[in-house]
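J.: Those protein sequence lines, which keep their order, are chains B and A. Position 120 of the first sequence, counting from 1, maps to 120 under UniProt numbering, and the rest follow consecutively. Position 318 of the second sequence, counting from 1, maps to 318 under UniProt numbering, and the rest follow consecutively.
Be a bit skeptical, because a hint or two may be false.
Unchecked claim - Where chain A lies over chain B, by a calculated footprint (3+ residues, C-beta under 8 Å):
hint, stretch
1, 85-94
2, 121-133
Claimed, not checked - If you want a taste of the chain A side facing chain B, the calculated C-beta under 10 Å gives, among others:
hint, residue
3, 281
4, 428
5, 451
6, 457
FYI, nobody ran anything at the bench for these hints, they're computed from the structure. Beta carbons are placed, not taken as given, at the ideal position from N, Cα and C, and that holds for glycine.
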Amino acid sequence: MTISEPQKRISERALTVWKIAAGLHSLVVWVIAGGLVALKILFDFPYWVIAAALGAAALYSYLFIFLLPKMRWKRWRYEVREQEIELQYGVFIVKRTLIPMIRVQHVDTQQGPLLRKYHLSTVTISTAATVHEIPALDMEEAEHLRTSISRLARVADEDV
Amino acid sequence: MSESKRLHPVAAVVNALRQLKEMIIPFLIFVVFGSRGTNWDLFYLFGSIGVVVLVLVYGVLAWYRFTYRIEQGELRIEYGVIVRKKRYIPFDRIQSLDLSEGILQRLFGLVKVKVETAGSGGMGLQDGEAVLTAISKQDAKEIHEYLVSIKKKEVLEEDLNEQEIKEDLLYKMSPGELLLLASTSGGVGVVISAVMAFVFQFEEFIPYEQIFDGVEHFVQSGVIFVSIVVFIGFLLAWLIALLGTMLKYAHFTVRRVDQDLVITRGLLEKRQFTIPLKRIQAVRISENLIRQPLGFASAYVESAGGSALDQESSKVIILPIVKKSKIPGLLEPHLTDYHFRVDVSPAPARAYRRYLLRGWLFVLPVIIAAIWFLRPWGYSALVLLAISALWSYLVYKDAGWSLDQGMLTLRYRNIVKNTVYMRKNKVQSFSVKEGLFQRKKKLATVEAIVKSGHGGAGGKVVDLEKQHAGLIYQWYSHEEKGKSAE
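One chain only, chain B, in its complex shape (with noise of 0.2 Å):
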């Protein structure tokens, strides 16, 4: 038996948000390995130092702004059913989560200077034991999702 994915799609421009969040920490990365050239040619330490700190950065960069990123946008599913919330995500483990809406006790939605900046916010979802999140929809999308979640999600006459 085989589940069906779920449909929805975040948005692309998270795509683009995350490219530059990672191009922003891949910085420290080169700061550093700058800062092991500089020691190069202040202390005379091998050459394999510097081709290696150069290296890393390069590859850390390369992982990290154009690889995962994509990965992880092509895999992102979401699908807010009557009764569920269903999450696909992970770039090589694969994770499928179900969440009931009766479990559902809030709804967030939240936005950082850089997602706000693209007309995105973040959805959270928390039920009593765990928080999930839905990164980067769409601004008005993630408002309409908070309501009808919020809407879906009713208080289930026992305790928790």
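Let chain B serve as the given structure and place chain A on it in line with the hints.
T.: Leaving out everything else, chain A in the frame of chain B:
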């Protein structure tokens, strides 16, 4: 009982002692690493005395400021020495009152009352919780009666003066079981490591060499002597752990009072937990390595109450040690939603290779390090491969799942073999995970999470048949059949 009341003065002492206990470790570090010059000794002495006095004074002040009263259906607590705080807890939000009696409380005939509330999601530490450190049994009884009257229960089922009352005895631990529990508990390891740490800490102060020199006249071989000392040390550690567990679990009883499970235990320090049956989220049966071959197991319930700080009240042990075969008979009459005789489907045979590799991946660094650094002898570390393979086989054999009458059962082993029984309507979320290599073999990992205290707990089983994972996934789906594939 609407006037403000203070706690019994013993509370000040209890709180001060707890403060001091928390300061012991920083203090030891201070002493061990700080005492270099001899001139400082006097300074340290006065410093320590000063700190102790400060803590005591603070304890008294805190006691003086702490008042509680019952007003307008709320338990109102006001406290705080520097910052005044008020905490008002509506009685109808209170889940249970947990009573315990420490040694100090028992000396004065007092009880400690912990007020458990549902907690609205654990936004802060100690959210929605209050502790009355030491109040008279009479006052505790009044609070309890008030709670009961608020909750509109017709009869007062429980009496703090331990008179005979109408209730169902679910389980009472026999002395034999207590002994078995204590002698097979994992506490031994903790005590041993504590003793070791202590010994190494004070290596500088204890004149081992002198001791050894002195005794060597009597004992020919130092090796024999050392092994005897080590043996006696372990024996002592084991006895201490044994005694500790026995004191903690003596008189362990589980009673069913109306719709609650009431657990009492302890010899010197008496404790009482109340778990409303409807707040039970899952039942877990654990078998550790020593108990499993003997056919014994422990049962826990995951409860939705409790606070973030106190894990003890969310994972409550209800059967510390019983014959595994007796568990269904003991629990099923009371936990009517659960049944414990289920057929567990194991992980498929092709999953064993993955279990084996995971185990080896874990020991491989150790083996490589051993061979690298301890050349001739290091090769003996290869034995670890065989041990790990054996262990992986155990882990693999214990993995399994079952779906039965609205109940999901997951069985897995970390170190201890766990079987978790969960009702569909208590599972907060369910996930299926599939890695690259798992996909090739059509295997999947399943994880179900229930609420436990303020956090989550649950079960995770690695490498089940993918089809089976799909079955559980569909079972958990709340969407009507046919509609889910839109």
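J.: Taking 8 Å as the C-beta cutoff, is the stated coverage of the stretch 85-94 of chain B by chain A satisfied by three or more residues?
T.: holds (count 4)
J.: Is the shortest C-beta separation between residue 457 of chain A and chain B less than 10 Å?
T.: Check passed: Cβ of residue 457 of chain A comes within 8 Å of chain B, closer than 10 Å.
J.: Closer than 8 Å Cβ to Cβ for three or more residues is the test here. Does the stretch 121-133 of chain B pass it with chain A?
T.: holds (count 6)
J.: Is the shortest C-beta separation between residue 451 of chain A and chain B less than 10 Å?
T.: Holds, about 4 Å.
J.: Would you settle whether the hint for residue 281 of chain A is holds or violated, based on the nearest Cβ-Cβ distance to chain B being less than 10 Å?
T.: holds (7 Å)
J.: Hold the hint about residue 428 of chain A up to the distance rule: shortest CB distance to chain B must be less than 10 Å.
T.: Constraint on residue 428 of chain A satisfied, holds at 4 Å.
Consistency with the previously given hints is maintained throughout, with no hint failing.
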